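S.K.: As they're listed, the protein sequences go chains L and D. So the first sequence is numbered by the numbering used here: it starts at 1 and just counts up by one. So the second sequence is numbered by the numbering used here: it starts at 340 and just counts up by one.
For the record, the hints were derived by calculation from the structure and aren't laboratory data. Fair warning: this is a prediction, and the values are worked out from it, not measured in the lab. All C-beta atoms in this analysis are idealised placements derived from N, C-alpha and C, irrespective of residue type, glycine included. Hints may contain errors.
Unchecked claim - Between beta-carbon pairs, the in silico distance windows are: (1) N362(D) to L144(L): 45 to 51 Å; (2) K421(D) to I123(L): 42 to 48 Å; (3) V452(D) to Q237(L): 28 to 34 Å; (4) N362(D) to K76(L): 49 to 55 Å.
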Amino acid sequence: MAKHVVVIGAGPAGLETSASLAKFGFNVTLVEKEDLSGGHLKKWHALFPSLMPGYEALDNIRKGLNPSVKMQVSTKITGMEAVNDYFTVTGHNGWQAKADAVVMTTGFQLFDAHRKEEYGYGIYENVITSADLEELFASGKELLNRHGRKPERIGFVHCVGSRDEKVNNLHCSKVCCITAVKQAIEVKQKLPDAEVFCFYMDLRMFGRHYEELYKEAQEKYNIQFIRGRLSESTEDQDGNVVVKVEDTLLGKPLRIKTGLLVLMVGMEPRANTRTLARRMGLKSVSDGFIQPVDEVLHSNYTEIPGLFVAGTCSGPKSIADTLADARSAAFAVADFFKK
Amino acid sequence: MDKKAVNFGYIVTRDRQIDFDANDHTISRIVANAEPSLNLCISCGTCSATCSAAQFTDFSLRKIILLLRRDEIKSLEKEISKCMLCGKCQLVCPRNVSTRNLIIQISKALTTVHP
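Required output: the full structure, derived from the provided sequences and hints.
M.R.: So, in C-alpha cells, the structure goes:
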C-alpha cells in the first residue's frame, strides 16, 4: 500500500511539498487551518525581484497540485504523536489521521509592529507595515495616506522586529531589505513626484538580481538610502510622521518629516509551531524556528525519524527558497521510505 | 561664538541635528540634474580611501556626497575647496560615479546659488 504523508500548512511550502510527494506516488493529505490555501502569499501583491503578481505565483503553485492530494481545510492541528513507526495527527475539530510521515510546513507569522511602540504603529495613523502596503497595492486603490492625501514623502524602516534583541529577535528576516527596495520602486511608479527614503542598518542584497534592483532604485527612481536605525517617530499637527534617526555615515542626528511611514516587519516562528515542536520533543533553539538535524546537509530532517520540515517554519526564506526547500523535503521523505 | 551674542557667562551650543525639512534643497537638485551618477553612491568609502587630500586632511568625498544629499550647505562649502581634482576617486569607484565632475558641479552650484 502507498505510504500516507500528512503535510501541515497549505502555504507555498505545503502546496509544493504535497505536489512533489504526489508525483512520487504517495497518498498525501494537506491540512490547512484556514478555509483556503495560499498562506501569506494570498495577500501579497507582487514578488521581488521580477514584480511577478502574487496571485500569478500562487495560481501556478496551486496548479502543480495533483487532484489525488486530499485537502483538509479549516482544521487547526492540536496534537501530534509518534507511535511506533507512524504518527497520529489530530485537529481541533476532531479530525484525525494516521501517517507514515509528517512534513511541517507551518510557515511564519509577521512581527507585530505594535511591539515596537516607539515607531508609532497603531498610535499614528500614517505609520503602516509592509504587509499593509502590500494589501493596499493589491486592492488597486490609489496610494493615499490615512488622511486621504497623496504623501509627498514616504519612509521605509528596515529591520522592524528583526536584528533587535529588545524584541527578542536576533535573527535577520532575510527578505525585508529587498522587499523595501521593491516597494519603494512601486511607490515611485505610482507617485513619481514623491520622495522616498529608506532607513537601514545594512542592505542585504544577497540574491540574484537584488543588487541590480537596488541600483535601479537609486539610478532610475532616485530613492535615497540613509544608514541609521530609527530611534522614534512622532506626529506633527498635520498628521505627518516625524522621524528621528542618526545619519551614521555623517555622524549626525537627523529629523525628517514623512507623509507615510512603512515599517518592514520581519518573520517570526508561529506560536503554534513552537507549541507543536515542543510537544514533539524537538530541540529548541533561541530564534524559535524549528532546528533541522543539520542546516547544511540535512535541512529537511528533524531529530524525529519520519518528521520533516520545509519552508519558513525552519527559518526566514523567500518564495523561491521556500519552493526549492519544499521539493527537497519531498525527496527526503521518499528517501526515508526506501530505508 | 556669534560676535553679536551677549555674554551671559555661559554658552549655548548650536543644534547640530540635521533638520532636513528646514534645509534648502536647491543645491542637491541642481547637482543631481547636472551629474545624475550622484544617485549611485553607496557610501562605501573607496574614494576617500584613495584620496590624496584625505591622507593629510579630514577631507572625505564620501562625506561631501552625504552633506550634499542632506543639503548641509555650510559644511559643504567649507569642505569642497580641499579637493585637488586629481580624479583618483573616479578610477576606484565601484559604482562608476563621475566623482570629478561631481565636485566641479557642486562648486559651480555653490557659486551660482550662493555667490
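S.K.: Next step is simple, just say for each hint if it's right about the structure.
M.R.: Okay, the hints, checked on the actual structure:
1. Checked against the hint of 45 to 51 Å, the C-beta distance between N362(D) and L144(L) comes to roughly 27 Å, which is inconsistent with it.
2. About 46 Å separates the C-beta atoms of K421(D) and I123(L), a value consistent with the hinted range of 42 to 48 Å.
3. With their beta carbons about 31 Å apart, V452(D) and Q237(L) fall inside the hinted range of 28 to 34 Å.
4. At roughly 54 Å, the beta-carbon separation of N362(D) and K76(L) lies within the given 49 to 55 Å, and the hint holds.
Checked against the numbered hints given earlier, this structure breaks only hint 1.
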